[in-house]
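Participant: Residue 117 is where the sequence shown starts when you use this note's numbering, and the numbers rise one by one after that.
Don't read these hints as lab results, they were simulated from the structure. Owing to the predicted nature of the structure, the values given are computational and were not obtained by experimental measurement. Glycine residues also receive a C-beta, built at the ideal position from the N, C-alpha and C atoms. Just so you know, not all the hints are guaranteed correct.
Derived lysine-lysine pairs resembling DSS-like cross-links, with alpha carbons at most 30 Å apart [unchecked claim]: (1) K144 with K211; (2) K179 with K238; (3) K238 with K275; (4) K211 with K275; (5) K194 with K181; (6) K293 with K219.
Have a look at the derived ranges for each label pair, beta carbon to beta carbon [what the hints assert, rightly or not]: (7) D263 with V155: 31 to 39 Å; (8) V202 with Y129: 41 to 49 Å; (9) N244 with G200: 17 to 25 Å; (10) S286 with G246: 17 to 25 Å; (11) N261 with G154: 33 to 41 Å; (12) K120 with S286: 37 to 45 Å; (13) K120 with K179: 41 to 49 Å.
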Amino acid sequence: MVKKEMKPSIALYPTPVILATSVDEKGKPNVCTLAWVGVVCSEPPQIGISIRPSRYTHELISKTKEYVVNVPTADIVKETDYCGIVTGKKVDKFKETGLTPVKAKKVKPPLIEECPVNMECKVKNIINLGAHDLFIGEIVNVNANEDVMDSPTSINFEKLKPITWNPISSEYHSLGKRLGTYGFSKK
117 MVKKEMKPSI
127 ALYPTPVILA
137 TSVDEKGKPN
147 VCTLAWVGVV
157 CSEPPQIGIS
167 IRPSRYTHEL
177 ISKTKEYVVN
187 VPTADIVKET
197 DYCGIVTGKK
207 VDKFKETGLT
217 PVKAKKVKPP
227 LIEECPVNME
237 CKVKNIINLG
247 AHDLFIGEIV
257 NVNANEDVMD
267 SPTSINFEKL
277 KPITWNPISS
287 EYHSLGKRLG
297 TYGFSKK
């Protein structure tokens, strides 16, 4: 197979899709769809979310230093898409989508009831990367629906059915079947 050279671009996909919740200084909640998301440290547990400085969510998280990573499912893909194409400066996305804000335990931004997994985060660092700033948040609390859990510390992704994003084709996808477990190649 002959390999062809491509211009530098995002060729790592799919990426996870999340709904990041934040609040303004008066406590009004906002929700934003993000796909530049990933685990950046396991101990203490930290997640990085990259946001363009022009986005309203960037402004809110920069001020409050808190956000919640809500994991949407295929059941709410339309609402998830909507939250990424309109600004919370002008639209109450919770009202428009019918998503339900739920009080978090350790941060001010709300959880989203319709998302089976919610990770409450406090910002530890903000790194300017170019077109985006990376917000590194320490996970201070996790909430998960019992029906997607295999154990008190394990989420079953086949039950969760999270959404992924293909940045090349601008398409949403759901994850498929499990292919193996860590270390299965040596058994």
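Participant: If a hint holds in the structure, say so; if it does not, say that too.
Facilitator: Evaluated hints:
{"no.": "1", "hint": "K144 with K211", "result": "12 Å, holds"}
{"no.": "2", "hint": "K179 with K238", "result": "12 Å, holds"}
{"no.": "3", "hint": "K238 with K275", "result": "28 Å, holds"}
{"no.": "4", "hint": "K211 with K275", "result": "28 Å, holds"}
{"no.": "5", "hint": "K194 with K181", "result": "28 Å, holds"}
{"no.": "6", "hint": "K293 with K219", "result": "33 Å, violated"}
{"no.": "7", "hint": "D263 with V155: 31 to 39 Å", "result": "23 Å, violated"}
{"no.": "8", "hint": "V202 with Y129: 41 to 49 Å", "result": "24 Å, violated"}
{"no.": "9", "hint": "N244 with G200: 17 to 25 Å", "result": "22 Å, holds"}
{"no.": "10", "hint": "S286 with G246: 17 to 25 Å", "result": "21 Å, holds"}
{"no.": "11", "hint": "N261 with G154: 33 to 41 Å", "result": "22 Å, violated"}
{"no.": "12", "hint": "K120 with S286: 37 to 45 Å", "result": "22 Å, violated"}
{"no.": "13", "hint": "K120 with K179: 41 to 49 Å", "result": "45 Å, holds"}
Hint compliance for this structure: hints 6, 7, 8, 11 and 12 are broken, all remaining hints hold.
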